[in-house]
Structures are given as C-alpha cells and as structure tokens.
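Visitor: Sequence:
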Amino acid sequence: MSTSIATTDNQTQKIDNVSILTNGELFNRLRTLSEVMANSGNFVPAHFRGKPESCMAVVMQAARWGMDPFAVAQKTFIVGDSGVLGYEAQLVNAVVNSMAPTKDRIHFEWFGTWENIVGRFVEKTSTKGNKYIVPSWSLADEKGVGVRAYATLKGESEPRELILMLSQAQVRNSTLWASDPRQQLAYLAVKRWARLYCPDVILGVYTPDELEERNEKIINPAPQENITMRDINNSAQETTTTGQEPTTNVDAVADEFRTRINSAETLEDATAVGNDINSAKPTLGTALFTELKNKATRRYHLVKHRNLVETAINAIPRPGEPESVAGFEAAEKVLTAAKRHIGDELYDKYRINLNDMKPEYITA
Numbered sequence: 008m009s010t011s012i013a014t015t016d017n018q019t020q021k022i023d024n025v026s027i028l029t030n031g032e033l034f035n036r037l038r039t040l041s042e043v044m045a046n047s048g049n050f051v052p053a054h055f056r057g058k059p060e061s062c063m064a065v066v067m068q069a070a071r072w073g074m075d076p077f078a079v080a081q082k083t084f085i086v087g088d089s090g091v092l093g094y095e096a097q098l099v100n101a102v103v104n105s106m107a108p109t110k111d112r113i114h115f116e117w118f119g120t121w122e123n124i125v126g127r128f129v130e131k132t133s134t135k136g137n138k139y140i141v142p143s144w145s146l147a148d149e150k151g152v153g154v155r156a157y158a159t160l161k162g163e164s165e166p167r168e169l170i171l172m173l174s175q176a177q178v179r180n181s182t183l184w185a186s187d188p189r190q191q192l193a194y195l196a197v198k199r200w201a202r203l204y205c206p207d208v209i210l211g212v213y214t215p216d217e218l219e220e221r222n223e224k225i226i227n228p229a230p231q232e233n234i235t236m237r238d239i240n241n242s243a244q245e246t247t248t249t250g251q252e253p254t255t256n257v258d259a260v261a262d263e264f265r266t267r268i269n270s271a272e273t274l275e276d277a278t279a280v281g282n283d284i285n286s287a288k289p290t291l292g293t294a295l296f297t298e299l300k301n302k303a304t305r306r307y308h309l310v311k312h313r314n315l316v317e318t319a320i321n322a323i324p325r326p327g328e329p330e331s332v333a334g335f336e337a338a339e340k341v342l343t344a345a346k347r348h349i350g351d352e353l354y355d356k357y358r359i360n361l362n363d364m365k366p367e368y369i370t371a
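Numbers given in this note's numbering equal positions in the sequence shown, counted from 1, plus 7.
Rather than coming from a laboratory, the hints here were simulated on the basis of the structure.
Treat the hints with care, as some may be off.
Straight-line distance between alpha carbons at most 20 Å, and here's what the computed EDC-like set of lysine to aspartate or glutamate pairs gives [what the hints assert, rightly or not]:
| # | residue 1 | residue 2 |
| --- | --- | --- |
| 1 | 356 | 272 |
| 2 | 58 | 75 |
| 3 | 150 | 207 |
| 4 | 311 | 275 |
| 5 | 340 | 363 |
| 6 | 198 | 95 |
| 7 | 302 | 263 |
| 8 | 198 | 168 |
| 9 | 302 | 339 |
Sequences and hints are given; from them, build the entire structure.
Guide: Structure (structure tokens):
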C-alpha cells in the first residue's frame, strides 16, 4: 500500500477551523469518515483502529491541509507512552510545500564536507537481537557541514533563507540519520524554515485569500527595530496628537513581544525580552503585562533547561570509555529534572534518543 502524501493545487478543497466547528453538516460528514477509518483494519495504523475519536483528530487535520486523511494517518505515530500524536517529517515537508505562501517550493543547497558523513555507518545488534545502524563519523566530521533552505514568499522578490548545521540537529530519533543524513537535515530545515517565516502554515490555518494576498510581516525583526520605552512614549504622544486610539499601538507592541518571545533561542535573547517587558509595564497594562511576562519566563526556563539537557547528552562519553555509564546516568537525571520546564513533547524526543542509546551503556 502506498503511503505517499497526496496534495492538491485546488485551495478551495481546504477547510478552515471555523467551518469544521460551525458547519454541522460538514462536522457530521467528517465524523462519519472517522468511523469508516476506525473500522478500516490494516488500512490505517494500529493507533487508529477501533478509535473513531482518534481518527476524527487526523481527519480534521487532513481537511485543514486539503489532504487524503488515510495518507496522513499513515504518516503519524504516537510519541512514547504520552499519547501525543506526532507527524513524520515527510508529511510536514509536504504540508509546507503545499500550503506555504511561496512562489515555488523550498530549495536546498548543501555545503561542507558531506563526503565525510554520507555512507559512513555501522550495523549493530541490540540486546533483543534486533539489528540497527548508527553513524560511524565523529563530531569533528560534522564541523562546517550543513544545508541552506530558501524560498521566496508571494509578494516579495528576495528569498528568505535558513541555514542549519548538522551539529544543530541534536535529537536524532531515526536510523535514517545514519543512512541518509542529507535528507533528514533537509526535512528538519523545512520545519524550522516554516516555523520561522510562516509558523501558522503547519497549523493549517491559512485561507485561500491569505495564500494569494499575504501581506509582508516581519517575523524575525532586526535588533535595531526592537521596541524601547522611548519608542513607546513617542508612539503614545503621536497617537494623542493625531486623535487615534492608543489601543492599536499597545496591540502592536504586544505582538512584537510575542514574536520576540517565540523566536528567543538563547538565554540572552530571553532575558532581553523579559527586561523590555518589565520596562513596558505602564503601557501594556496589567493583563497584557502578566500574559507576556509569564510567557517570557517560561521561554527562558525552556531555553535554559533545553541547553542543559543537550549539553549533558553531548558530554556522554562513547560506550566503553571511562565514566561512560556515569555520564549516561547523569544525562538521564538532567532530563528528568528538566521535564517540567521543557514540556512533554520535547521531553519525549530526548527520552526516545536516550532509550536508543541505553543498550550501549546499560547492559544489566
């Protein structure tokens, strides 16, 4: 059975969230399809069989994306024991290329000494007798190796790009990272490109009009454009002079802060946006200040503990080396302590990674 992702150029076949929730006839049709899917036996993965409620979730998502729900279902998986539904990288790649408001597909340029990476893997056997492959290259071989992903948004003339180094791909849950690392890094680059330049595409919330007439929005503003107290005060004075409602400026400031919070990838960035929110408290008001301050604090702790986990994992010695078992156990403790800060989804990704490594370190 083919599991290729079917996409369509007919944007009218895609359904928005409002239609699903407010159109009773449409909702019933999707529910009927969910029941059919749940009783389809081997035509759907095991985690959907006999579970119409679970099927409804993937049917609704497929409707938003304008895709075949049976094909989408084949590209899903359950993350560990968490019950969280995950989507394969191939599906995310298809969604972005199908729905992103771009003039063409996302292009790739690989750079660096990939000849030191591609094709270099070894086969091992787990404690249960299952064979699997692992990379045989070293961290030094990954230096300078990466991919450039770029595409041009509609209404723009210059492509927006994202450069991703192989060393930045910290969580590698699939053995494809050993057998086909170029493809896996490209998939990861597409996902990060979409989250940076059009994050709502992955959520499937674009309407046909938005796809055709997307106004340019600065997603990753330059540092000199950050909102300061002087900017806020000047804006407030100009608003008073022209007689416009000040609410517009406050909303714009709040949106700017939300963008900076979501894009903060370092402790310095997270700290800076938190400090700026504190300075803007008089302008934001209690409700917005509380919302933004809480989000900034959560982001700071997420970045901090994610860095701690990645540092601990990267510090684990190779199997058989001195302190390798202690290093592995220390990484597990760091991950457990970080769980409440990084969230279940990110925790499960790291947990799967450590579980794959565990037979090499813990042989009891």
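Visitor: Each hint needs a verdict: does it hold in this structure or not?
Guide: Outcome of the hint check:
A threshold of 20 Å between alpha carbons decides the hint, and for residue 356 with residue 272 the separation of about 18 Å falls inside it, so the pair holds. For the proposed pair residue 58 and residue 75, the alpha carbon gap of about 18 Å is at most 20 Å, so the pair holds. As the CA atoms of residue 150 and residue 207 are separated by approximately 32 Å, the hinted pair breaks the 20 Å bound. Using a Cα cut-off of 20 Å, the hinted pair residue 311 and residue 275 holds, with the two alpha carbons roughly 10 Å apart.
A threshold of 20 Å between alpha carbons decides the hint, and for residue 340 with residue 363 the separation of about 16 Å falls inside it, so the pair holds. Between the alpha carbons of residue 198 and residue 95 the distance comes to roughly 11 Å, so the proposed pair stays at or under 20 Å and holds. A C-alpha spacing of about 13 Å is found between residue 302 and residue 263, which places the hinted pair at or below 20 Å, so the restraint holds. Pair hint residue 198 plus residue 168 holds up; C-alpha atoms about 12 Å apart against a cutoff of 20 Å.
Restraint check for residue 302 and residue 339: the C-alpha separation of about 27 Å exceeds 20 Å, so the hint is violated.
Checked against the numbered hints above, the structure breaks hints 3 and 9 and satisfies the rest.
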